[in-house]
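Protein chains in written order, with this note's numbering: chain A, 4 to 367; chain B, 4 to 367; chain C, 4 to 367; chain D, 4 to 367.
None of these hints come from the bench; they were simulated from the model. Just to be clear, a hint being listed does not mean it is correct.
Heads up, the list lumps identical chains together, so a pair's fine if it works in one copy or across two of them.
As the list claims (entries may be wrong) - Restricting the straight-line Cα-Cα distance to at most 35 Å, the calculated cross-link-like pairs of lysine-lysine (DSBU-like) are:
{"no.": "1", "residue 1": "K323", "residue 2": "K104"}
{"no.": "2", "residue 1": "K205", "residue 2": "K279"}
{"no.": "3", "residue 1": "K205", "residue 2": "K104"}
{"no.": "4", "residue 1": "K196", "residue 2": "K323"}
{"no.": "5", "residue 1": "K205", "residue 2": "K281"}
{"no.": "6", "residue 1": "K169", "residue 2": "K323"}
{"no.": "7", "residue 1": "K104", "residue 2": "K169"}
{"no.": "8", "residue 1": "K279", "residue 2": "K320"}
{"no.": "9", "residue 1": "K196", "residue 2": "K320"}
{"no.": "10", "residue 1": "K11", "residue 2": "K320"}
{"no.": "11", "residue 1": "K279", "residue 2": "K104"}
Please read all numbers here as calculations on a predicted model, not as lab measurements.
Protein chains: 4
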Amino acid sequence: MSDNTFGKNLKITVFGESHGTLVGMVLDGCPAGLAVEEGMVERELDKRRPGLDEISSSRREADTVEVVSGLFQGRTTGAPICMIIRNRDVDSTPYEAIRNKPRPGHADYPAYVKSGGYRDYRGGGRFSGRMTAPIVAAGAIAKGLLSLSGIEVIAHTIEVGGISLKKLPTIDEIRRERYSNPIRCADPSQAVKMRDAILQAKNVGDSIGVVIECIALNVPPGIGSPIFDNLDGDIAKILFSIPAVKGVEFGAGFQASRLRGSENNDQYFLEEGVIKTKTNNSGGILGGLSNGMPIVVRAAFKPTPSIALPQRTVDLKEMKDVSLTLSGRHDPCIVPRAVPVVEAAVSICLVDHMIGSGAIPEVL
Amino acid sequence: MSDNTFGKNLKITVFGESHGTLVGMVLDGCPAGLAVEEGMVERELDKRRPGLDEISSSRREADTVEVVSGLFQGRTTGAPICMIIRNRDVDSTPYEAIRNKPRPGHADYPAYVKSGGYRDYRGGGRFSGRMTAPIVAAGAIAKGLLSLSGIEVIAHTIEVGGISLKKLPTIDEIRRERYSNPIRCADPSQAVKMRDAILQAKNVGDSIGVVIECIALNVPPGIGSPIFDNLDGDIAKILFSIPAVKGVEFGAGFQASRLRGSENNDQYFLEEGVIKTKTNNSGGILGGLSNGMPIVVRAAFKPTPSIALPQRTVDLKEMKDVSLTLSGRHDPCIVPRAVPVVEAAVSICLVDHMIGSGAIPEVL
Amino acid sequence: MSDNTFGKNLKITVFGESHGTLVGMVLDGCPAGLAVEEGMVERELDKRRPGLDEISSSRREADTVEVVSGLFQGRTTGAPICMIIRNRDVDSTPYEAIRNKPRPGHADYPAYVKSGGYRDYRGGGRFSGRMTAPIVAAGAIAKGLLSLSGIEVIAHTIEVGGISLKKLPTIDEIRRERYSNPIRCADPSQAVKMRDAILQAKNVGDSIGVVIECIALNVPPGIGSPIFDNLDGDIAKILFSIPAVKGVEFGAGFQASRLRGSENNDQYFLEEGVIKTKTNNSGGILGGLSNGMPIVVRAAFKPTPSIALPQRTVDLKEMKDVSLTLSGRHDPCIVPRAVPVVEAAVSICLVDHMIGSGAIPEVL
Amino acid sequence: MSDNTFGKNLKITVFGESHGTLVGMVLDGCPAGLAVEEGMVERELDKRRPGLDEISSSRREADTVEVVSGLFQGRTTGAPICMIIRNRDVDSTPYEAIRNKPRPGHADYPAYVKSGGYRDYRGGGRFSGRMTAPIVAAGAIAKGLLSLSGIEVIAHTIEVGGISLKKLPTIDEIRRERYSNPIRCADPSQAVKMRDAILQAKNVGDSIGVVIECIALNVPPGIGSPIFDNLDGDIAKILFSIPAVKGVEFGAGFQASRLRGSENNDQYFLEEGVIKTKTNNSGGILGGLSNGMPIVVRAAFKPTPSIALPQRTVDLKEMKDVSLTLSGRHDPCIVPRAVPVVEAAVSICLVDHMIGSGAIPEVL
């Protein structure tokens, strides 16, 4: 069950390695006729490129995407869309020394066990954050499809190292402010504190975690499938595919467990003929199905595991305890780069379920 | 994409309705030769039966399970195992009045949209908690397979209505205490307070939420699959299939986002030739793969949505705002009944991934 | 990869054993709102019931079907439809003696290897022709869906023991004549000879093979999917699931390999604004997609392997050559019983692909 | 249900277009540790390259394969293996004129319907025989895995335009002779006649069909899965993915329907402790499972549809009957190029089922 594919109707298969020739993906099931304009994919990739601010890795990748199949005369044809992104700024030297010394917090040790030692250990191989670049490329297509149905998917940072937003931002504030700062935070003043916290961690060779929220607007009700292909279950599944995600919650989430039913239940009312709920503690999903309210999901990211501080590990060849100090270029924090990845993942999952529910309009 | 199947190697398909003839499931992919002893399935079902304590629904179901295929002379044959559980104590009367009035917090409204109105609305149809009975039946088989590999899956309640454990219990405490009280809590003194909180909510016609933790011991390292069939992603997915789950986290979970990398990284050491980590903030999963440490996952359940207090909703036929007061028999809280469901769900998912990783021993 | 499910959009999972409690199936993905009238499923099952003519097994099964989920007030709800058929006229005595002596032409030997000896050997277990009863039950639902799109699926016998039709029958002849005789043959005079051939084989304790053709009328063009989910590939796959099928061909089939391109190519023309082909050597499928012409597929069935004549086999326990003489009740020929099975299998596959192609009308 | 993936355990996804940038595939699920030697993939691709003999298309493609992921230090890592083959000798000019005039026998018309007109019509797009190049590349990996289990997969031509072998060749004759002639025929004297027949057809602007047989030696018994994931069903399915295949049969195949049970049943005997059958009319598969005898499958290919003779078709834009005369470079016959494709397809399917049955040895 080595499986690098997500989805049933819109299927994404990711391939490549962090320090290999390239990373890429095949997106299968995209309806024919979607216009894919010049720069549509690059714009999304640019949002996750490293090296844009001090808070990111200094690895510099142009992330030029090559669409090698599935488009014809600027439109999708229904054939699988393959996109490849060459790896260029690769320095594998630091990885030789730690080949048999699994880095704490990374997948090195279980990956070693799983592959019987035949893994590509350079840069984490396919367990690298670099594998999210093709997810973002696929997400650009998914977003194009969603926009035809008037659906908007917006992710933003709500907490960094325990520093959170002072108040719940409105959708307009999120839209307006998140790109005004490198944190992708709707509250610019808190964003300054968040950035400081990241730089403080960086300065001592440490790293810091974040919580990212993603909102999908205008998803029609009835999307998803009980019992086992829940919309929330699949969104959670694809979010856990993003390296460092350790928790996922919808609407009131964990806080819902501390509410009473009378507080948590979202009561219905009519507004201009449309059924809405007064609150949105469900996060737009009930019984695995969208209910027409905004879908609200939050993903907790652990601090990035690559830190400069010395750590204890085990030499897998010699089977003895050793100390490990990492060099290399790493992100002290996963923002801003994870934000477009979350948007892409949620968008891909939404399209998958909407096709399955017959809710993607003919694009022609 | 109506999909009622979970799994790739061990696949469970659930069918039936809360107030229909029966509920049941087909479990496909179970290896041949597993001994299924008399009472093995019933014992698990008994743990989720209603009517066992004041804190549960008064619906009384014997939940007698009939194994109708896949067993021969007391052992599995590799053929699909079908089990059915007849519905007996069914009273659909209260549901006629609310047929077109979606209950807040329930799946009624999106289910109505999805089915074009042709759903079985009685008792929530297949969006009922009753659909978890076949999951528990399948879980009994999964647990039988896991026990052959020395794997133990234990769920317990760690928080009810905001009342949590005073300290982290040991595995031995959990094993010893959780069945000593109807809350399935390892801390009997806190369990008394939790039960009081449930009864208080019940007395005012309200309901209350919980957090359940599940631990899987002795899972070998290397189980799971990057990038999209993560072990954590699939565990989360199946947990979100359980009605009322709104959040899932592994190890330090959301709290990990507030730690620094140096605190959160689990450093390796050798203990009698076995690679272990000093802490288990990862919850036993790194890069979508098990790392040999206990798998620790928590699911947040919202308060059960059926409450006796009046609520606002919309009449879907007449499209007007109306008030709704529910009668019927409901659980004021999802414990103790959800505890075996969580264990079953995690067990099914683990077997699925272990077969995929070649880690289920020949059972013969 | 024990897999008892077919389909991606309309999925059928079959369970049960020939001499177990029951056989049954779960059909998942059927749209909500289809009216399932009294007797609709039974009528199809009656067509494959044994004991109707001398040319069939004398096993007498009422084949009463119980729909235990997925219907409400006479219509499908979108939930999985489970149907069960109890086994009643079971006599497992003859199977004890041959438990370790695989019958030539049956699946006994590879099934023994696959299950490590833990199979249900009675009546062939799940390798029995009885497993086709639930396929026919599912096919009744599939036919109901197809009829809403004006699609008709008709199977008929075209060859028995080398005796074939004198000339290609018209659709009207097939519709009119196939139920006039126990062979399900559109040429009643040849049907007499075919039946004689079957009885001759039966009288000497032998059996005889057949070729069944299936035609699907009014399938719109563009149904199916390149490269690997061809409509023809999936029809072939489900036909090979029917016990005794050894060959499948479309249109001119094997004969096409003996034609020149200029003879075999189906040239296009317009008839009242509709694109048609002058010939139909493609059997209605090009490049894995329907082309709007009738889909024509033929399945070759080997002679039923259960014969009364003595045969050589190997005792698997004692590992020595032995002789084997079978008793029990068997079909000397697979017609008429296989005819509705072929129709059901093709119908299920068509609905699966039509849903995937967005071509099943909303049934409401 | 646009699906370009085959397999459950070893999964191949094909992408690209005949006249696009490239064709390629992702092979997911290959165990880690398989040595992939220099030239191993190219040698297989060379067998299907065009332009090798007068009987093939004059399109000249070097078919240089680039392995862009999944290999590290000459071995597989368990990660998805992506290979790409650039298109170089592309001349799309002839396709402009016939853009709206579907070629008889090709997928043009249903592909046009399916894609709403947004297909890549150049060279047949993804309905081209060129899409079989990545299948052959994947097959090279599959063959490498099979050879570790001692399994050999051999395809050869047994009939061309009605000219067949004079007698059934032995395995040794097939091994020795099939590469001695451009027909890939084990009977060199018949191969001369077959080649003449192809050239005769070519000379008059016509084409000719063939039957290819494929034999898999040393497949252990018990591989495959009832009821719906039959080994024969899946082999048939993947063979129908090869353009121009119109029929598939196993063992005695269609001829079995003309035999009596006493003739067709393969009786068992012991040979040096191994269970064998005297005949192999089953083609090595019973009940969807391998039985340890050689797997024998035959695929009937229609004459290649591109012929130089004038044909009738319909202009899809103007909706009127028109005449069509094709230019361009085409194969008058599908041999020798289809032979390695059949081997590759069968090999991929075998590995998929062997992994699912736990029968692929650890490659390390």
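request  = With 35 Å as the alpha-carbon cut-off, assign the pair K205 and K104 to within, between, both or neither.
outcome  = within (23 Å within a copy, 55 Å between copies)
inquiry  = With identical chains, the pair K279 and K104 could be close in the same copy or across copies; at 35 Å between alpha carbons, which is it: within, between, both, or neither?
reply    = Classified as between: cross-chain Cα gap 13 Å, same-chain 54 Å, threshold 35 Å.
query = Are the CA atoms of K196 and K320 at most 35 Å apart within a copy, between copies, both, or neither?
reply = neither (44 Å within a copy, 52 Å between copies)
request  = Since the copies are identical, ignore which copy is meant and state whether K205 and K279 lie within 35 Å (CA to CA) inside a copy, between copies, both or neither.
outcome  = Between copies only: 28 Å across chains, 45 Å inside a chain, cut-off 35 Å.
request  = At 35 Å max between alpha carbons, let me know whether K169 reaches K323 within a copy, between copies, both or neither.
outcome  = neither (48 Å within a copy, 37 Å between copies)
Identical-chain pair category, K196 with K323, by Cα at 35 Å = neither (42 Å within a copy, 48 Å between copies)
message = Cα distance capped at 35 Å. Does K104 pair with K169 within a copy, between copies, both, or neither?
response = neither (42 Å within a copy, 37 Å between copies)
query = What label fits K323 with K104 when the C-alpha limit is 35 Å: within, between, both, or neither?
reply = within (10 Å within a copy, 55 Å between copies)
task = At 35 Å max between alpha carbons, let me know whether K11 reaches K320 within a copy, between copies, both or neither.
result = Classified as between; 34 Å across copies, 41 Å inside a copy.
query = Between copies, within a copy, both or neither: which fits K279 and K320 at Cα up to 35 Å?
reply = between (60 Å within a copy, 16 Å between copies)
key: Alpha-carbon proximity between K205 and K281, which holds within one copy, between copies, both or neither at 35 Å   = The answer is between: 24 Å across copies meets 35 Å, while 43 Å in one copy does not.
In this structure, the hints that do not hold are numbers 4, 6, 7 and 9, in rising order.
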